[in-house]
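Novice: Listed below are the residues making up each chain.
6 protein chains.
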Amino acid sequence: MSIQSINVRNQFRGRIKEIIRGPVVSEIDVETPHGLVTSVITTRSVDELQLQLGSEVIALVKSTEVSIAKV
Amino acid sequence: MSIQSINVRNQFRGRIKEIIRGPVVSEIDVETPHGLVTSVITTRSVDELQLQLGSEVIALVKSTEVSIAKV
Amino acid sequence: MSIQSINVRNQFRGRIKEIIRGPVVSEIDVETPHGLVTSVITTRSVDELQLQLGSEVIALVKSTEVSIAKV
Amino acid sequence: MSIQSINVRNQFRGRIKEIIRGPVVSEIDVETPHGLVTSVITTRSVDELQLQLGSEVIALVKSTEVSIAKV
Amino acid sequence: MSIQSINVRNQFRGRIKEIIRGPVVSEIDVETPHGLVTSVITTRSVDELQLQLGSEVIALVKSTEVSIAKV
Amino acid sequence: MSIQSINVRNQFRGRIKEIIRGPVVSEIDVETPHGLVTSVITTRSVDELQLQLGSEVIALVKSTEVSIAKV
Numbered sequence: 041m042s043i044q045s046i047n048v049r050n051q052f053r054g055r056i057k058e059i060i061r062g063p064v065v066s067e068i069d070v071e072t073p074h075g076l077v078t079s080v081i082t083t084r085s086v087d088e089l090q091l092q093l094g095s096e097v098i099a100l101v102k103s104t105e106v107s108i109a110k111v
Numbered sequence: 041m042s043i044q045s046i047n048v049r050n051q052f053r054g055r056i057k058e059i060i061r062g063p064v065v066s067e068i069d070v071e072t073p074h075g076l077v078t079s080v081i082t083t084r085s086v087d088e089l090q091l092q093l094g095s096e097v098i099a100l101v102k103s104t105e106v107s108i109a110k111v
Numbered sequence: 041m042s043i044q045s046i047n048v049r050n051q052f053r054g055r056i057k058e059i060i061r062g063p064v065v066s067e068i069d070v071e072t073p074h075g076l077v078t079s080v081i082t083t084r085s086v087d088e089l090q091l092q093l094g095s096e097v098i099a100l101v102k103s104t105e106v107s108i109a110k111v
Numbered sequence: 041m042s043i044q045s046i047n048v049r050n051q052f053r054g055r056i057k058e059i060i061r062g063p064v065v066s067e068i069d070v071e072t073p074h075g076l077v078t079s080v081i082t083t084r085s086v087d088e089l090q091l092q093l094g095s096e097v098i099a100l101v102k103s104t105e106v107s108i109a110k111v
Numbered sequence: 041m042s043i044q045s046i047n048v049r050n051q052f053r054g055r056i057k058e059i060i061r062g063p064v065v066s067e068i069d070v071e072t073p074h075g076l077v078t079s080v081i082t083t084r085s086v087d088e089l090q091l092q093l094g095s096e097v098i099a100l101v102k103s104t105e106v107s108i109a110k111v
Numbered sequence: 041m042s043i044q045s046i047n048v049r050n051q052f053r054g055r056i057k058e059i060i061r062g063p064v065v066s067e068i069d070v071e072t073p074h075g076l077v078t079s080v081i082t083t084r085s086v087d088e089l090q091l092q093l094g095s096e097v098i099a100l101v102k103s104t105e106v107s108i109a110k111v
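Protein chains in written order, with our numbering: chain A, 41 to 111; chain B, 41 to 111; chain C, 41 to 111; chain D, 41 to 111; chain E, 41 to 111; chain F, 41 to 111.
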């Protein structure tokens, strides 16, 4: 199914640099122009989306999940 | 309290470009090298952290909150 | 941008039945075959996606966000 | 402990169809009248709740965790 | 509906000390032995659960939502 | 990097009592003066933060992740 647009405001486009597979969840490291973004998703999703090294993806984050720290 | 280090792997450093205040939660838009990162936090936190336009902050996201989409 | 596929496994398709607008976040109630699914997203996203009563949408939930209770 | 009621608005009742056990987290697939709902919880919780195939459960999702996509 | 048990491992029992109502979401501050625990839920849930100052409640957090910082 | 202050309002200080390592994520059980707090983080973070039994840590939870149940 193709999704036209999604409300998730924070989108980071890049390529998969590393996949650490586990039996239930896997870690996906996405190389973006400005650094690495790390995601943990189900291993089943990794297979269903046929994700592999080099795949072009978007890492998405809902705004309510973003914390703010002062430096 | 000063925190030495935090497990949140995705950290986006930048400056606050816009604050939309609500009675309970506020939207904080942070200009980062990755582009705009949007966060929704409690308005009480905005005040306690004394966040304002131009404040230097880090937007943090836990890896389990990051989804992956294929393009 | 059109997204081909997304890892979010739980997708509930339906139509928007009610929108409660707030200054920062809004509540979106989606009528689906599963019953009513309620979402809280930024009001800015409501406007950017041009959501309104009757809009056809998919409510998506990441598996790591789903809790299990025994009845 | 019995909980009277909970603020989590999105509740999907069904039976467990599949459990994928991992050392730390497990995937629980719940068959509801309107499709599969997938959850990732700690394996310790799976054991403490004595979840098994066929167990009657409710999958719960907080409204702030639900994203909206336009189709 | 009465829920027998829930997989959410982190449960903080206490009494509501303050409610800040907004049009869409409200902040609920719960006084617990751990100190103050703050929650943001939909205002509709506040009304449906008939929450008020002094109400005895449990604040629940899914383990995957808990971050760890070193001090 | 040292973080001055963070908006995450719910902070539980304690010592690590148990670590269950998995290939991708690990469970961290933190003993606080008022009970156990459980967290699931990436195993890579466990290693990067050099977490071990007895480490003094803070468990942090964003307010929007806290649900409320009535007892």
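Derived from the structure by calculation, the hints contain no laboratory data.
Hints are not guaranteed to be accurate.
Once the Cα atoms are required to be at most 20 Å apart in a straight line, the calculated PhoX-like pairs of lysine-lysine come out as [said to hold, decoys possible]:
no., chain 1, residue 1, chain 2, residue 2
1, C, 110, D, 110
2, D, 57, C, 57
3, B, 110, D, 57
4, E, 110, F, 110
With the Cβ distance kept under 10 Å, some of the chain D side facing chain E (calculated, not the full set) [what the hints assert, rightly or not]:
no., residue
5, 59
6, 89
7, 93
8, 104
For each residue, glycine too, the CB sits at the ideal point set by N, CA and C.
Novice: Taking the hints in turn, state whether each one holds.
Specialist: Hints, verified against the model:
no. : hint              : result
1   : 110(C) <-> 110(D) : violated (33 Å)
2   : 57(D) <-> 57(C)   : violated (31 Å)
3   : 110(B) <-> 57(D)  : violated (28 Å)
4   : 110(E) <-> 110(F) : violated (33 Å)
5   : 59                : violated (13 Å)
6   : 89                : holds (6 Å)
7   : 93                : violated (17 Å)
8   : 104               : holds (7 Å)
Hints 1, 2, 3, 4, 5 and 7 from the earlier list are contradicted by this structure; the remaining hints agree with it.
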